[in-house]
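Peer 1: Once you have looked at the hints, place chain B on chain A.
Protein sequences appear in the order of chains A and B. Under the working numbering, the first residue of the first sequence is numbered 250, with each subsequent residue one higher. Under the working numbering, the first residue of the second sequence is numbered 304, with each subsequent residue one higher.
Honestly, I wouldn't trust all of these hints.
[Said to hold, decoys possible] Below, in silico cross-link-like pairs of lysine to aspartate or glutamate (DMTMM-like), each with a Cα-Cα straight-line distance of 25 Å or less:
#1 Lys410(B) <-> Asp332(A)
#2 Lys360(B) <-> Asp332(A)
#3 Lys457(B) <-> Asp332(A)
#4 Lys462(B) <-> Glu509(A)
#5 Lys410(B) <-> Glu269(A)
#6 Lys422(B) <-> Glu445(B)
#7 Lys457(B) <-> Glu509(A)
#8 Lys308(A) <-> Glu269(A)
#9 Lys457(B) <-> Asp415(A)
#10 Lys410(B) <-> Glu381(A)
#11 Lys386(B) <-> Glu352(A)
#12 Lys257(A) <-> Glu269(A)
#13 Lys448(B) <-> Glu398(B)
#14 Lys448(B) <-> Glu509(A)
#15 Lys360(B) <-> Asp467(B)
#16 Lys462(B) <-> Asp382(A)
#17 Lys308(A) <-> Glu509(A)
#18 Lys448(B) <-> Glu269(A)
#19 Lys462(B) <-> Asp456(A)
#20 Lys457(B) <-> Asp416(A)
#21 Lys448(B) <-> Asp416(A)
If you are wondering where the hints come from, they were derived from the structure by calculation, not from laboratory data.
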Amino acid sequence: MNTTFINKCIEEFNRKKTFELSTQFTLLTLLFSQVGNAYTRPFILSLAAIGLLSDQCRKQSILWFSLFLLTGFRVINQWPMADNHAYLLSLWCLTLFLTTYQESSTKILANNARILIGLVFLLASFQKISAEDYLNGTFFRYLFLTDDRFEDFAILFGNISYQQIDDARRLLDAYQFSPTQSHGEIVPISAEFHLLVVIATWWNVLDQIVIACCFLSPTNSLLFKNRDFVLLVFCITTYAVAPVPGFAWLLISMALAQSESKSRIVIAYLITFFIVLFYYQIHWTTLLVDFFQLG
Amino acid sequence: MMGKNMQHPSWGRNSYSVSTPVKLLMNNYITIKHTLSYLPILLFLLISGHHFYLVHKHQLSPWLGGGYGMFSTTDYGPSRFIKVFTLNKKIIQEEIEVPEHLSQLSKQVRSLPNNTNIKNFAIKLENYLTINHHSAAFIRVEIWKTNYDSETLKPSYQKLNTLDYKTNY
Numbered sequence: 250m251n252t253t254f255i256n257k258c259i260e261e262f263n264r265k266k267t268f269e270l271s272t273q274f275t276l277l278t279l280l281f282s283q284v285g286n287a288y289t290r291p292f293i294l295s296l297a298a299i300g301l302l303s304d305q306c307r308k309q310s311i312l313w314f315s316l317f318l319l320t321g322f323r324v325i326n327q328w329p330m331a332d333n334h335a336y337l338l339s340l341w342c343l344t345l346f347l348t349t350y351q352e353s354s355t356k357i358l359a360n361n362a363r364i365l366i367g368l369v370f371l372l373a374s375f376q377k378i379s380a381e382d383y384l385n386g387t388f389f390r391y392l393f394l395t396d397d398r399f400e401d402f403a404i405l406f407g408n409i410s411y412q413q414i415d416d417a418r419r420l421l422d423a424y425q426f427s428p429t430q431s432h433g434e435i436v437p438i439s440a441e442f443h444l445l446v447v448i449a450t451w452w453n454v455l456d457q458i459v460i461a462c463c464f465l466s467p468t469n470s471l472l473f474k475n476r477d478f479v480l481l482v483f484c485i486t487t488y489a490v491a492p493v494p495g496f497a498w499l500l501i502s503m504a505l506a507q508s509e510s511k512s513r514i515v516i517a518y519l520i521t522f523f524i525v526l527f528y529y530q531i532h533w534t535t536l537l538v539d540f541f542q543l544g
Numbered sequence: 304m305m306g307k308n309m310q311h312p313s314w315g316r317n318s319y320s321v322s323t324p325v326k327l328l329m330n331n332y333i334t335i336k337h338t339l340s341y342l343p344i345l346l347f348l349l350i351s352g353h354h355f356y357l358v359h360k361h362q363l364s365p366w367l368g369g370g371y372g373m374f375s376t377t378d379y380g381p382s383r384f385i386k387v388f389t390l391n392k393k394i395i396q397e398e399i400e401v402p403e404h405l406s407q408l409s410k411q412v413r414s415l416p417n418n419t420n421i422k423n424f425a426i427k428l429e430n431y432l433t434i435n436h437h438s439a440a441f442i443r444v445e446i447w448k449t450n451y452d453s454e455t456l457k458p459s460y461q462k463l464n465t466l467d468y469k470t471n472y
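So here's chain A without its partners, still in its complex pose (with noise of 0.2 Å):
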């Protein structure tokens, strides 16, 4: 692959419109996402298969409207379960149908991608905020003791073992049982592991503010202008760790829908799609943990 390759395939995407890269990369998200149940994914996958493989069929507006209906109904069929960014997929969803079927301008798509994008993480930064047992460590603490797609994270981090782990979640479980029993300490005893949760508690709060302020912030301000750097760190940093590329790629879309036509700005998000689908299939906590024969 030499040079002239690479710039050819740099022009290409130059040409492509943010839109027509945002709906593409919307439809890849419903090809890697396990969208729906047994009935609807069917269709689901046909659709963002078709949409993928024909330029006029993406741009029809009976389409985003299927799939918004099918993404809608998996929300209310799920209920209260579905995740977040279900509510979200469905919502944008929405808001491709209304563009399509309006011709309507790509601003107003741009400016409902920007809000949407910044109300999430508002959302998410005040809900940290206001929780009780955030900003005093105790959710990530608790977190990386108990759920198994962090324990690896807080082995290679944290100084601690599996061995560590699995006695806090015993413990967990007999003071369950008998809580008005002492059954010994929990949190392992680690300066290691104490400076994780510090890090992951305030560095998971204060990106989101970041995050919602550039995006909710009037145009042509500096927070503005840096709100996709802003919005790449998080997804690099944040879903290397957290197991839900779904969200991440879903943001990915959306962020193109909105982002001005720079080359760099667009293959940065590009590859950021890339990089949340290598965390994705290669678990690289697990493999350092092994390599590293921590634990």
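Peer 2: Same frame as chain A, now just chain B:
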């Protein structure tokens, strides 16, 4: 300078052909179309408002319901649990283990423990008990959440809701 009887050069026949009511209708149509474009944002705000209402009034888990409270609190699935008892004359007879086929419904009740959900769950439990030739005058369903000490994670428990369901027995 235009004279008294002179028309503005841009005024043509077309501008006279559109009457005022039609203009108003067109303006309204444009306003509706413009507002409709932002319908997803309006729905987003309605959903999040509904989420906060359910969290404060009906103990919905902050992780759920479209309020983007995921990864913000320990008050979610594993920290909530359900206790079921059979009662006779308001006295607890025995504790019932939730059967496997009701585990999904049990998760829903734990996540949103309002009276409607608990009652539906109790009806399903009554059917299960009847099939297994087990009867009780009342079924008590309790939903609990776990609070963790910020330093030691030592748990304490808080009852979120309880309902005594009168069976057909």
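Peer 1: So which of those numbered hints doesn't the model satisfy?
Peer 2: 3, 4, 5, 7, 11, 14, 18, 19
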